[in-house]
Structures are given as structure tokens and as C-alpha cells.
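Student: Each protein sequence line maps, in turn, to chains A and B.
The letter at position 185 of the first sequence is residue 186 when you use our numbering, and the numbering goes up by one with no holes.
The letter at position 169 of the second sequence is residue 582 when you use our numbering, and the numbering goes up by one with no holes.
Any given hint could turn out to be false.
Unchecked claim - Pairs of lysine to any residue, SDA-like flavour, derived with a Cα cap of 20 Å:
hint: 1; chain 1: B; residue 1: K503; chain 2: A; residue 2: L48
hint: 2; chain 1: B; residue 1: K611; chain 2: A; residue 2: G96
hint: 3; chain 1: B; residue 1: K444; chain 2: A; residue 2: T80
hint: 4; chain 1: B; residue 1: K619; chain 2: A; residue 2: G254
hint: 5; chain 1: A; residue 1: K246; chain 2: B; residue 2: A606
hint: 6; chain 1: B; residue 1: K444; chain 2: A; residue 2: S131
hint: 7; chain 1: B; residue 1: K619; chain 2: A; residue 2: N90
hint: 8; chain 1: B; residue 1: K619; chain 2: A; residue 2: P417
hint: 9; chain 1: B; residue 1: K444; chain 2: A; residue 2: E253
hint: 10; chain 1: A; residue 1: K166; chain 2: A; residue 2: V15
hint: 11; chain 1: A; residue 1: K395; chain 2: B; residue 2: A621
hint: 12; chain 1: B; residue 1: K619; chain 2: A; residue 2: D71
hint: 13; chain 1: B; residue 1: K611; chain 2: A; residue 2: G254
hint: 14; chain 1: B; residue 1: K416; chain 2: B; residue 2: E553
hint: 15; chain 1: B; residue 1: K444; chain 2: A; residue 2: R89
hint: 16; chain 1: B; residue 1: K611; chain 2: A; residue 2: L386
hint: 17; chain 1: B; residue 1: K611; chain 2: A; residue 2: D71
hint: 18; chain 1: A; residue 1: K246; chain 2: B; residue 2: L613
hint: 19; chain 1: B; residue 1: K444; chain 2: A; residue 2: R82
hint: 20; chain 1: A; residue 1: K395; chain 2: B; residue 2: I618
hint: 21; chain 1: A; residue 1: K395; chain 2: B; residue 2: S624
hint: 22; chain 1: B; residue 1: K498; chain 2: A; residue 2: R47
hint: 23; chain 1: B; residue 1: K444; chain 2: A; residue 2: A77
hint: 24; chain 1: B; residue 1: K444; chain 2: A; residue 2: P75
hint: 25; chain 1: B; residue 1: K416; chain 2: A; residue 2: A49
hint: 26; chain 1: B; residue 1: K611; chain 2: A; residue 2: D243
hint: 27; chain 1: B; residue 1: K444; chain 2: A; residue 2: N90
hint: 28; chain 1: A; residue 1: K395; chain 2: B; residue 2: K444
hint: 29; chain 1: A; residue 1: K246; chain 2: B; residue 2: A610
hint: 30; chain 1: B; residue 1: K611; chain 2: A; residue 2: P56
hint: 31; chain 1: B; residue 1: K611; chain 2: A; residue 2: E253
Unchecked claim - Anything over 12 Å on all C-beta distances counts as not near chain B; from chain A, calculated:
hint: 32; residue: K9
hint: 33; residue: R47
hint: 34; residue: K166
hint: 35; residue: T240
hint: 36; residue: D256
hint: 37; residue: A283
hint: 38; residue: N295
hint: 39; residue: D314
hint: 40; residue: G333
Treat the hints as calculated values from the structure; they're not laboratory data.
Every residue gets a Cβ at the ideal spot worked out from N, C-alpha and C, and that includes glycine.
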Amino acid sequence: MAGTLAEKVWDAHVVRHGADGAPDLLYIDLHLVHEVTSPQAFEGLRLAGRPVRRPDLTLATEDHNTPTLDIDRPIADETSRTQIQTLRNNAAEFGVRIHSLGDADQGIVHQVGPQLGLTQPGLTVVCGDSHTSTHGAFGALAFGIGTSEVEHVLATQTLPLAPFKTMAITVNGRLPEGATSKDIILAIIAKIGTGGGQGYVLEYRGEAISTLSMEARMTICNMSIEAGARAGMIAPDQTTFDYLKGRPHATEGADGDAAVEYWKTLKSDDDATFDVEVVLEAEDLEPFVTWGTNPGQGLPLSGSVPVPELIADENERVTAERAIEYMGLTPGQPLREIKVDTVFIGSCTNGRIEDLRSVAKVVAGKHKADDVRVLVVPASARVRLQAEAEGLDKIFLDFGAEWRNAGCSMCLGMNPDQLAPGERSASTSNRNFEGRQGKGGRTHLVSPLVAAATAIRGTLSSYADLGTGTPAPDGSPLSDLQTV
Amino acid sequence: MEKFTQHTGVGVPLRRSNVDTDQIIPAVYLKRVTRTGFEDALFAAWRGDPSFVLNQEAYASGSVLVAGPDFGTGSSREHAVWALKDYGFKVVISTRFADIFRGNSGKQGLLAAVASAEDIELIWKILETRPGTEITVDLEARTITCDDVVVPFQVDDYTRWRLMEGLDDIGLTLEHADEISEFEARREAWRPATLPAKHLPAVEIKAARPSGVPVEIGRRP
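Can you make the complete structure from the sequences, with help from the hints?
Tutor: Below, the structure written as C-alpha cells:
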């Protein structure tokens with residue numbers, strides 16, 4: 002029977018079909034763990050006297066709370082220190098592999114899995130974090146879970162799950178210069194809304210998707226949750242197989258051949274039916290930024306802050322009014338005139354090496370706008386090492402940016418990296434909720450290219466606004482940057 | 414999880430509707446690392462008010478909460494159920510529960526019993542007239558007994574069965590441990606494992622330091 006990618010991965014993991022409307026029991030191939038959503042799950046195991054069933058399918062790292070400065074010193078915030086120490090104790094007690102702060106393999110959990118080669122096509126991947134959808138870029142079925150479910154997976158390596166609906170999102174054509182995968186996903190969320198994906202697994206496909214690098218695909222799948230979806234997936238192809246090659250946990254030799262043969266079957270059949278289909282034309286896309294307080298409130302950078310009186314739907318109008326007030330904007334104000342205080346480059350959405358390279362290309366030999374602070378936070382310690390090996394750190398420092406250690410950082414401000422009340426950021430992260438980056442902070446979600454241009458000009462800007470024409474600073478064409 | 418067939422305890426009338434999980438437990442308590450010990454956090458914002466029902470001696474030892482409609486709405490935090498349980502509640506009665514809260518309750522052995530608005534009004538009156546009155550909730554018969562009043566309540570069959578058998582989700586799944594083992598036996602050997610750990614050579618990670626330039630923030634409020 003014809004099936005979609007998501008259905009194929011689902012079917013391959015059913016341990017037991019639920020009878021009479023009871024959920025199916027699905028096997029979980031990879032369980033990623035971090036310090037914030039796991040402590041009560043481990044305590045639950047301890048209270049019930051249960052072991053972790055498969056420590057060999059479990060991996061822990063520290064990311065949400067970790068500082069990005071002075072990481073060799075005790076963590077100042079007591080709550081953060083306790084949560085991190087608790088994770089270390091739990092990992093030791095239950096035999097779970099952990100990559101702690103200061104370890105070369107520490108980093109944001111959604112970067113650590115892929116870079117170790119543990120995230121592979123066709124797997125089921127879970128983590129107590131909604132951005133687990135990132136791993137769907139490899140053709141894995143990956144989704145965030147709650148603390149009880151974390152405990153359930155630790156104890157049984159399975160989860161009872163009700164089936165998802167499926168949505169195909171086809172992006173045709175090629176991206177124009179200066180537009181990136183971040184702009185694709187922001188445009189998709191603006192189109193279908195923050196609740197548009199509720200109950201669905203999204204499958205992204207089409208020429209504009211298949212020509213993206215692995216890292217750019219991860220950016221798209223990462224923000225599936227911002228459309229309300231449980232997961233997002235992209236069928237694996239040669240780009241996926243090439244990314245995995247040579248990574249520490251890559252499946253190799255005869256096993257590798259068997260794996261690739263299987264992976265090649267992981268695509269939606271031509272005659273498979275989706276519950277919903279959405280189509281976008283990549284040619285129409287330009288750099289996107291958010292103006293409001295949810296990720297669906299985004300517009301092309303050439304646009305203006307919406308005028309609430311012109312919004313017909315009452316709910317939307319009220320929401321827009323509140324968002325504009327919180328953001329301290331004026332209806333009708335051109336987005337390009339919005340001045341920012343901080344530029345944050347990082348997160349599980351856009352903190353990978355390709356993101357850093359593209360920013361470095363734009364800012365090389367330049368200096369940031371005087372009254373803007375620029376934070377560059379690599380997604381993982383390995384990304385930081387790679388960037389340093391390529392000399393990117395020097396470019397950032399010469400530019401006047403801060404070059405930090407790895408972690409979630411200002412994406413959610415659980416560590417000291419926060420916006421002050423009223424402070425405005427252009428951020429390559431994923432959520433622009435009220436107070437997300439610090440109480441009273443104002444967030445504009447942007448691509449790394451827009452972040453870089455904004456850091457130079459001090460106002461929301463695209464690469465084209467720099468007036469340097471098409472060639473990038475090092476003389477290579479800007480199209481090289483489109484793998485971002 | 415303990416088996417739940419019948420419970421008798423002091424009824425607590427909470428005459429409020431739309432009690433969301435932020436009211437049940439404020440976000441500030443979510444930074445804790447334990448699963449127990451949330452009793453002080455329950456209804457934290459209201460506990461400072463001497464007239465709040467749990468601050469009255471007759472109700473303080475209550476274990477059956479009788480609330481208004483739409484109990485447990487808002488954030489999905491499981492801490493809301495933990496806080497109710499830690500305080501000592503075994504049953505919450507309301508005309509309507511938020512889906513996620515009801516699901517979380519079932520997982521944690523807290524009975525979310527749905528009764529009619531008229532019956533709840535009747536029970537409230539008894540509890541308010543004679544503070545400290547006990548309520549008996551019989552899950553098998555699906556009845557609530559408060560003094561001479563006996564009223565029915567609803568709970569879905571699946572949740573009722575799990576509560577009566579004392580089965581949590583994990584316990585239920587582990588009943589199929591053989592099937593999980595069989596699945597594992599036929600699972601492809603080449604699928605990746607985190608152990609034994611493999612990684613690139615260990616390298617010392619240098620700590621980033623503050624830039625030394627004072628960061629003036631919040632300049633354009």
C-alpha cells in the first residue's frame with residue numbers, strides 16, 4: 002500500500018497495535034536528554050525501582066542552563082547549578098552517557114545528535130524539548146515529549162502514541178539571492194499560522210528543499226513546532242548520506258551499505274495521499290523578519306508593521322494591536338527602519354557552522370554598528386572548535402562581536418544571556434514570545450544573513466542593503482551563501 | 414501506582430471556575446528538580462489570603478477537591494497534578510476538565526471526576542454548611558456520597574480501569590515487556606547506539622571571557 006515517509010517510519014516501529022482506539026506502542030531508537038525536563042523523570046524511576054531500559058540508546062548533554070562565559074568556573078546561578086548537577090548525578094547512577102559543560106561534545110542537544118552521527122534516517126527520536134523536530138531533517142520521526150513521557154521512554158524505550166495526520170509542504174523552484182532556509186520556514190509559518198500544523202507531521206519537499214544542505218534542512222524542520230506541528234520531516238537523499246559519512250557513530254562497512262539501501266526506501270510513494278497539501282514558490286521569497294510576538298507574525302523585510310485597523314478578523318486585529326504595543330512599534334512603520342540593540346546569532350535553529358560561515362562572510366573586514374551588541378554563540382563546542390580552526394572567531398572579534406561558548410543561551414534566556422526590559426534584538430533563534438529572551442525583551446526573528454547585515458547597519462537589514470552588490474566580501478558570489 | 418477503588422476524605426469546596434494550571438502552581442516553582450514536595454506550591458498565589466478555603470482549619474486536611482467548571486486549563490505542566498497530589502488530594506470533582514490536565518491526572522493516579530453542575534452545587538452547600546464533612550468517592554460504582562446525598566460521576570472506561578488496577582502508563586507498557594523484547598530482537602543491528610561511546614578526539618575547550626567592554630543595554634526602551 003502506498004505510504005508517506007512518516008507512515009513508513011511509524012509502521013517500522015510499532016511494537017504493538019492498540020486495539021479499540023488504544024494508542025499504538027512505538028519503539029524509540031534514540032532518546033536525547035537535557036537538564037531541565039529530566040530530573041523528575043529520573044526521580045520517578047528511582048521511586049519505582051526501575052532501571053533505564055536502554056542506556057545505549059540514550060544520550061544526555063547540558064545546554065539550556067549553561068553559561069556561555071567562564072564555563073570553567075562554578076555556575077553562579079544556584080538553580081542552574083542544581084539542575085546541571087542533578088543531571089550529572091542521574092547520568093552516573095543510571096549509566097547514561099553524558100557530555101557535560103567543558104567537554105568537546107557538549108552543546109545544544111539537537112546539534113549533538115546529528116554531529117555525532119547518531120541522528121540517522123528512519124529512526125524515531127525523542128527528547129523532552131519541543132525542538133526535537135530538528136532531527137526530522139534526516140528523515141527521522143522526531144518529536145518533543147513531556148516529563149512523564151521522558152520517564153516512560155527511559156523505563157520502556159517505547160511510547161504509546163495516537164497516529165498523526167500528514168501534511169505535505171512543497172516548495173518549488175530556487176531561492177533568490179539573499180534568501181535562506183530560515184526565510185522559507187518563516188514564510189511557511191506566516192502562511193499556515195502557528196496552529197496550522199496542529200496534529201500533523203509535516204513533510205517538506207520540492208526543489209527548493211532538496212537543493213538545501215543538511216544544516217539548512219535542520220533549520221526548517223527545527224521550526225515545525227512553531228507551526229504547531231508535532232514533527233517535520235525531509236526524505237533522506239545523497240546529501241543526507243554524505244553528511245553522515247565519517248561521523249563517529251556513522252553506520253559503516255557492510256552495515257552501512259544495508260543502511261543506505263533501507264534509507265533509499267524512506268520517501269513518500271508517488272501515489273501516497275496526505276491529509277493536507279501546501280505549495281510555495283521559492284522565487285517569491287525574500288528575507289523574512291517577524292514584527293510581532295509569535296512566529297507567525299512575520300513579513301518580508303521590505304514590508305511595514307501592519308496597521309491593525311486594516312485587519313478584518315477581530316481576533317487577529319486585537320492580537321496585532323497587543324503585539325505592536327509590546328514590541329514598541331508604530332503601525333505602518335517600515336521594518337527596515339527598526340533599530341535594534343542586540344544581535345543574537347546562535348540556537349538550535351541557526352547556530353551551526355554554515356550559519357557562522359555565512360555571517361563571517363558578510364561581516365569580514367567590517368565593524369558592527371557602534372550601539373549594537375553582537376553575541377555569537379555556537380550550537381556546540383565542536384562547532385566552536387571548527388569555527389576557530391577556520392579563523393571565524395577572529396573575524397567576529399574584529400567585527401566587535403562577542404564569541405561565546407556553546408549552549409541555548411539567549412534563545413530562551415535561562416542562563417545569564419538575556420535581554421533587558423525594552424531591549425530589542427534581531428535573533429536567529431526560533432521564538433519571539435513576550436519575555437522569551439528576557440522579561441520585557443523584544444525579539445525579531447531573522448536569518449543569519451539578515452542578522453549579519455543588521456549588526457553592521459544597526460537597523461533590520463538584508464544583505465542587499467549593504468550596497469556591496471552581489472559579490473560577497475571575499476569575492477565569491479553570494480549564491481555560495483544559500484546553503485544557509 | 415496504588416490501586417484506587419474507593420476513597421473517603423474531607424471535601425474542599427473551591428467555588429471558582431477556570432482554575433488554570435498557573436493558578437494551581439505558578440511557573441516559579443518549575444525550576445525544582447524533584448517530583449515530590451510541591452505541596453507548598455499548590456495554589457501559592459491564594460494561600461496568602463486567610464479566607465482561602467485551604468487556610469480554614471476544617472478544610473486544611475481535605476483530600477477531595479470540589480471545583481467549578483474548566484479546571485486545569487492552560488499550560489501543560491505536570492507539576493499541577495504533582496502539587497495537588499503532594500498536598501494530599503486524591504480526587505478532583507468538576508463539571509469539566511481541560512484535556513491535558515485530565516490526561517496528566519490519569520497518569521499520576523489522581524481521579525478527575527466529572528459531575529453535573531447541580532450536583533456540585535448541592536455538595537458545595539453541604540460542605541459549606543458543615544465544614545469538615547467527608548466525601549466518599551466510589552470508583553467502581555462511579556458514585557459520590559456526601560452525607561445523605563449520593564450522586565453519579567463520569568470517568569472514561571480506560572482511565573477507570575487503569576486507576577482500579579493501579580496501572581500507570583509505564584506499568585501498563587511493561588505488561589508487554591515480552592513484545593518489546595521481541596521487537597528488539599528483530600531490530601536491525603546496524604541502527605546506531607550511544608554506547609560504547611565514539612567521538613572525535615577530546616580537545617580542551619577554552620572558556621570564553623567577558624569582553625571587558627561594559628555592555629550598555631536597554632538603551633531604547
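Student: Just checking, T240 (chain A) versus chain B, shortest CB gap more than 12 Å?
Tutor: holds (19 Å)
Student: Take a quick look at K166 (chain A) and tell me if its Cβ sits farther than 12 Å from every Cβ on chain B, holds or violated.
Tutor: Given that every Cβ of chain B is farther than 12 Å from that of K166 (chain A), nearest at about 17 Å, it holds.
Student: Are the Cα positions of K611 (chain B) and G254 (chain A) separated by 20 Å at most?
Tutor: holds (16 Å)
Student: Non-interface claim for R47 (chain A): all C-beta distances to chain B beyond 12 Å?
Tutor: At about 9 Å from chain B, R47 (chain A) fails to clear the 12 Å cut-off, so the statement is violated.
Student: K444 (chain B) and R82 (chain A): Cα distance at most 20 Å?
Tutor: Roughly 11 Å between the alpha carbons, so the hint for K444 (chain B) and R82 (chain A) holds.
Student: Between K395 (chain A) and S624 (chain B), does the CA-CA distance stay at or below 20 Å?
Tutor: Within the cut-off at roughly 13 Å; holds.
Student: Beyond 12 Å on every Cβ pair: is that true for A283 (chain A) relative to chain B?
Tutor: holds (33 Å)
Student: CA of K619 (chain B) to CA of P417 (chain A), is that 20 Å or under?
Tutor: holds (19 Å)
Student: Would you mind confirming whether the straight-line C-alpha gap from K246 (chain A) to A610 (chain B) stays at or under 20 Å?
Tutor: The given pair, whose Cα atoms are some 17 Å apart, holds under the 20 Å limit.
Student: Take a quick look at whether K444 (chain B) and T80 (chain A) sit within 20 Å of each other, Cα to Cα.
Tutor: holds (7 Å)
Student: Compare the distance between the alpha carbons of K416 (chain B) and E553 (chain B) with 20 Å, and conclude whether the hinted pair is satisfied.
Tutor: Roughly 12 Å separates the two Cα atoms, so the pair holds.
Student: Please settle this one: N295 (chain A) was flagged as non-interface, so is its CB more than 12 Å from every CB on chain B?
Tutor: The claim stands: N295 (chain A) keeps its Cβ more than 12 Å from every Cβ of chain B (closest is about 16 Å).
Going through the hint list in order, the structure does not satisfy hints 4, 7, 9, 17, 28, 33 and 36.
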